[in-house]
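In order, the protein sequences belong to chains Z and W.
Position one of the first sequence corresponds to residue 1 (the working numbering), numbered consecutively onward.
Position one of the second sequence corresponds to residue 1 (the working numbering), numbered consecutively onward.
Bear in mind the hints are in silico, worked out from the structure with no lab data behind them.
Predicted model only: the values in this text are computed from it and were never measured.
The C-beta atom is built at its ideal place from N, Cα and C for all residues, glycine as well.
Keep in mind that a hint or two might mislead.
[As the list claims (entries may be wrong)] Over 10 Å on every C-beta distance to chain W, these chain Z residues come out as not near it, computed from the model:
| # | residue |
| --- | --- |
| 1 | Leu24 |
| 2 | Ser41 |
| 3 | Ala56 |
| 4 | Glu60 |
| 5 | Thr75 |
[As the list claims (entries may be wrong)] Covered stretches of chain W, as calculated for chain Z (at least 3 residues, CB under 8 Å):
| # | segment |
| --- | --- |
| 6 | 112 to 119 |
| 7 | 151 to 162 |
[What the hints assert, rightly or not] Not close to chain Z: a few residues of chain W, all C-beta gaps over 10 Å, as computed:
| # | residue |
| --- | --- |
| 8 | Gly9 |
| 9 | Ser39 |
| 10 | Glu142 |
Listed here are the chains, written in short residue letters.
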Amino acid sequence: MLSTGVLASTSTEVEEQTVTKGALSPPWHVIVHDDPITLMSYVTLALQKVFGYSLAKSNELMTTVHTSGRAVVWTGERERAEIYVQKLQGWQLRATLELAPV
Amino acid sequence: MGPKVTRNGAGDIELSGLPPWIVAMLRELTDELRITPDSDIGQRLFPDPYDAEEEQENAEWRRLVHPDLFALLASAREILASDLERLEIEDEDGELVARLCIQASHMHAWLHALGAARQALAAEHEIGAEDMEEEELEVYDERSAALARVHLLGWLQQLLVECEVEDLE
Chain Z
1 MLSTGVLAST
11 STEVEEQTVT
21 KGALSPPWHV
31 IVHDDPITLM
41 SYVTLALQKV
51 FGYSLAKSNE
61 LMTTVHTSGR
71 AVVWTGERER
81 AEIYVQKLQG
91 WQLRATLELA
101 PV
Chain W
1 MGPKVTRNGA
11 GDIELSGLPP
21 WIVAMLRELT
31 DELRITPDSD
41 IGQRLFPDPY
51 DAEEEQENAE
61 WRRLVHPDLF
71 ALLASAREIL
81 ASDLERLEIE
91 DEDGELVARL
101 CIQASHMHAW
111 LHALGAARQA
121 LAAEHEIGAE
131 DMEEEELEVY
141 DERSAALARV
151 HLLGWLQQLL
161 VECEVEDLE
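Turn these sequences into a full structure, and let the hints guide you.
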């Protein structure tokens, strides 16, 4: 039977080896901006379709877009953020990218 | 009697009882949706995703992504045009009305096209938030007619959104 000390040492090594590539590159925000023409229900639907968010979460984000003028709808690595922006613009949402604060 | 909306088991939508003026408005969409990347409307529909200072990133975006976005819009326009060609005109109690069928697989194209058309009208006629909140609409010039169209296209878009939401539930 292995001692606790060896097990602890082994698990620490495993944890150190699992640093992901994502942790090395800074995260980016995907932002949706308000516009007076787009239907609110359409924004909600677009968020559900693009991100797979629940109706409740999509509605919450849409409300933030509408009341605050913009909302961060996703945060993560840059390449994926760009893909999301492209998809959102395909739904005519005003979507942009911002480097997330560290 | 106003327009009627029904759905079949396959999720296709049928809009019946459409008056001629709605049909005429929809048919104008196919011309209005000929939007090019270098137009003001094109730039409004698909704005640069990075800050204005990031010129290189935005230029790369326009080079790599815009062709796909504009191709998507062109495809939506073609689907719209094709569905409108199959529109049926019928006599309902002495009045000519139209029946339009939108297949479930065409729903996204219609949503896309209607959204783009609304944005295009708003951009061309400088329609903003205050205009959209007007409760009484009087159509007496080109701009107020455009605002009426933005609302009517929004009505149709809302119908399709509700159908899509039903499917997600």
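Here is what the structure says about each hint:
1. Leu24: holds, 20 Å
2. Ser41: Since the minimum Cβ distance to chain W is about 5 Å, Ser41 (chain Z) lies within 10 Å and the statement is violated.
3. Ala56: holds, 12 Å
4. Glu60: holds, 16 Å
5. Thr75: holds, 15 Å
6. 112 to 119: Answer holds; 5 residues pass the 8 Å Cβ test.
7. 151 to 162: It holds: at least three residues are needed, and the segment 151 to 162 of chain W offers 5 whose Cβ sits within less than 8 Å of chain Z.
8. Gly9: Answer for Gly9 (chain W): holds, closest chain Z Cβ roughly 22 Å.
9. Ser39: Ser39 (chain W) clear of chain Z: closest Cβ-Cβ about 15 Å, beyond 10 Å.
10. Glu142: holds, 18 Å
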